[in-house]
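For this one, chain A is given, so just place chain Z on it according to the hints.
Number of protein chains: 2
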Amino acid sequence: MNRQITLAARPVGYPKETDFKLIETPIPTPEDGQVLLKTIYLSVDPYMRGRMNQVRSYAANVEFNEVMVGGVVAQVVESRHSEFQVGDIVNAHIGWQEYGVSGGDGLRKIDPSIAPISTGVGILGMPGLTAYFGLLEVGKLQKGESVFVSGAAGAVGSVVGQIAKIKGCRVVGSAGTDEKIAYILDELGFDAAFNYKNVTDYYAKLSELFPDGIDVYFDNVGGSITDAVFPNLRLKGRVVICGQISQYNLENPETGPRFLWHMITKRARIEGFLASDFSDRYADALIQMAEWVQQGKLKYRETIAEGGIENAPSAFISMLKGGNIGKQLVKIADAD
Amino acid sequence: MNRQITLAARPVGYPKETDFKLIETPIPTPEDGQVLLKTIYLSVDPYMRGRMNQVRSYAANVEFNEVMVGGVVAQVVESRHSEFQVGDIVNAHIGWQEYGVSGGDGLRKIDPSIAPISTGVGILGMPGLTAYFGLLEVGKLQKGESVFVSGAAGAVGSVVGQIAKIKGCRVVGSAGTDEKIAYILDELGFDAAFNYKNVTDYYAKLSELFPDGIDVYFDNVGGSITDAVFPNLRLKGRVVICGQISQYNLENPETGPRFLWHMITKRARIEGFLASDFSDRYADALIQMAEWVQQGKLKYRETIAEGGIENAPSAFISMLKGGNIGKQLVKIADAD
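Heads up: the protein sequence lines correspond to chains A and Z, in order.
Residues in the first sequence are numbered consecutively from 1237, following our numbering.
Residues in the second sequence are numbered consecutively from 1237, following our numbering.
Rather than coming from a laboratory, the hints here were simulated on the basis of the structure.
Treat the numbers as computed from the prediction; the structure is a model and nothing was measured.
Fair warning: there could be bad hints in the mix.
[What the hints assert, rightly or not] In silico SDA-like cross-links for lysine to any residue, where the CA-CA straight-line distance does not exceed 20 Å: (1) Z:K1376 to A:D1513; (2) A:K1472 to Z:D1513; (3) A:K1472 to Z:G1559; (4) Z:K1472 to A:V1248; (5) Z:K1472 to A:Y1283; (6) Z:K1472 to A:I1523; (7) Z:K1472 to A:D1513; (8) A:K1376 to Z:E1373; (9) Z:K1472 to A:A1296; (10) A:K1472 to Z:E1381; (11) A:K1472 to Z:P1467; (12) A:K1472 to Z:D1341; (13) A:K1472 to Z:D1516; (14) A:K1472 to Z:I1325; (15) Z:K1472 to A:F1514.
[What the hints assert, rightly or not] To give a feel for the contact side, a few chain A residues facing chain Z, derived at Cβ under 10 Å: (16) V1475; (17) Q1483; (18) I1523.
Idealized CB from N, CA, C, for every residue including glycine.
For reference, chain A alone in the conformation it holds in the complex (with noise of 0.2 Å):
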């Protein structure tokens, strides 16, 4: 049987458990010009979340009993199209689910000579090149400027704090527990950190770690941190809005000081992004980022849940609530 998790009720505030149901259908049969995936990492992150709601987000919704949208590392292991064989592993788009079927739109070989086949959502995956994009194509970086992340020790925050220091730049990161924040300093090599936690003036933080100003913020979180951020500006400023977690798990929305005028006085900008706008450069990034991975200039941390896809649910809550340092995954079988 093929197990999957729909969505059975639309969250309030944070997901919990009974939002998900986990069901049991017919493994699916190829078409001709189809191929049958097996999932072996499913891949949890925070977008997921928005998709849960009724109200639209930049994709449609998921709908109630409909299987959970996500990413995943999967195995061929039936194959009626000309261009898979038995046993390529591929990024596919099935969602949260043990098998599924494509016709190979969105299907993306991953070559397991090059890094562990997990990177195929993470690194060598959609979070790198949300940071590669962000960064590089929206943020404009120049070597030598400063720049501070939000979420620096997610899967996105911390490819973006290296692709950085890879450019010759001075960066800054933001996490939320000490561990995080050693692992940033430590073994990534940011300039400086802080744990968000135990900082209650943001503007005075950043102020201090930023004397001349930051040239480039990348977003994954918003709320009181972004807010700070305005003041703090250089000339020409960019603000990155890659993700607002910190929102999007509320009960009540958050309201905040408004910050328009300090676009004027500092002449900055500020732009949203998805990955998939890029998507027609998705190849020559990931030869990039690949070969700056086996070169050790791009470092990774995965967080694993094992146990199967029954744990999807609590590993996602978990990654929404900081529990996951680098890439959540959830580890859903085995290769063959």
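For chain Z alone, coordinates are given in the frame of chain A:
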């Protein structure tokens, strides 16, 4: 004697006339390489409110007992500068005073044959250039797009809407009196408009007026109207931050709903600017703007306070409260 208006006190909330002081000083004597200028029209603009604060605006603030900053249309009455003759009409930045000297930097000759010289601080001066570069260069307006402009009957907003029409776009404006609404609809050719004082639900109003969403929002006001734009943006929408006049005179800063997550869902951009960011392109832009004025494609109105320099504070305060249609000027003297 030279009568000048200086800063007497830093305003709390809206400026009062007692925040200004009229003083008399000797008329300055131009040195070699300088001209003596007689002010004909003084421009009073929203940005000046920021200069009256202690906190830094985008330029140095005005100190106590300093002459208020500002642009003027002036006449050269004495010249020891090879490029300027007595009688020349120029745009200058000598502030709120009847006479001033200049070494030529930032002086721009005004051709009285093109349009009335008052336009040198209006549609053919800083406000017109602000509209031009903000809409076309920052907003990257494309033919056929939908534009919303707040403060639409003001010196900048009224030009923004007309340029949008010239560029083949649909344009909607907001303003604060029915007279202003009639002006932008009947005289300037906006496609739709609303008096924001008669609307309670800006989100619903904008949804009704932009069923397919807003491509470019030109923001002169900030506050609640601006809040309502973000959920109404189209994919790849642009928000051009020109002014935030609703916020400049608040005794206690407002808070507002957090909206940055819309930037991700819409892949949108917010950008602040000053016309002076484009000063190397003023000359070409003014040729284009003058052509549109002469063709009758760009109309303008001026609200001119009579009575000399002593009426500058009341004219400025009136403008901050929305008393003007089009450009607010103060008539200081007649040209010879």
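Here is how each hint holds up against the structure:
| no. | hint | verdict |
| --- | --- | --- |
| 1 | Z:K1376 to A:D1513 | holds, 19 Å |
| 2 | A:K1472 to Z:D1513 | holds, 11 Å |
| 3 | A:K1472 to Z:G1559 | violated, 33 Å |
| 4 | Z:K1472 to A:V1248 | violated, 30 Å |
| 5 | Z:K1472 to A:Y1283 | holds, 19 Å |
| 6 | Z:K1472 to A:I1523 | violated, 28 Å |
| 7 | Z:K1472 to A:D1513 | holds, 11 Å |
| 8 | A:K1376 to Z:E1373 | holds, 18 Å |
| 9 | Z:K1472 to A:A1296 | holds, 18 Å |
| 10 | A:K1472 to Z:E1381 | violated, 26 Å |
| 11 | A:K1472 to Z:P1467 | violated, 26 Å |
| 12 | A:K1472 to Z:D1341 | violated, 25 Å |
| 13 | A:K1472 to Z:D1516 | holds, 18 Å |
| 14 | A:K1472 to Z:I1325 | violated, 35 Å |
| 15 | Z:K1472 to A:F1514 | holds, 14 Å |
| 16 | V1475 | holds, 8 Å |
| 17 | Q1483 | holds, 6 Å |
| 18 | I1523 | violated, 25 Å |
In terms of the numbered hints stated before, the structure departs from hints 3, 4, 6, 10, 11, 12, 14 and 18, listed from lowest to highest.
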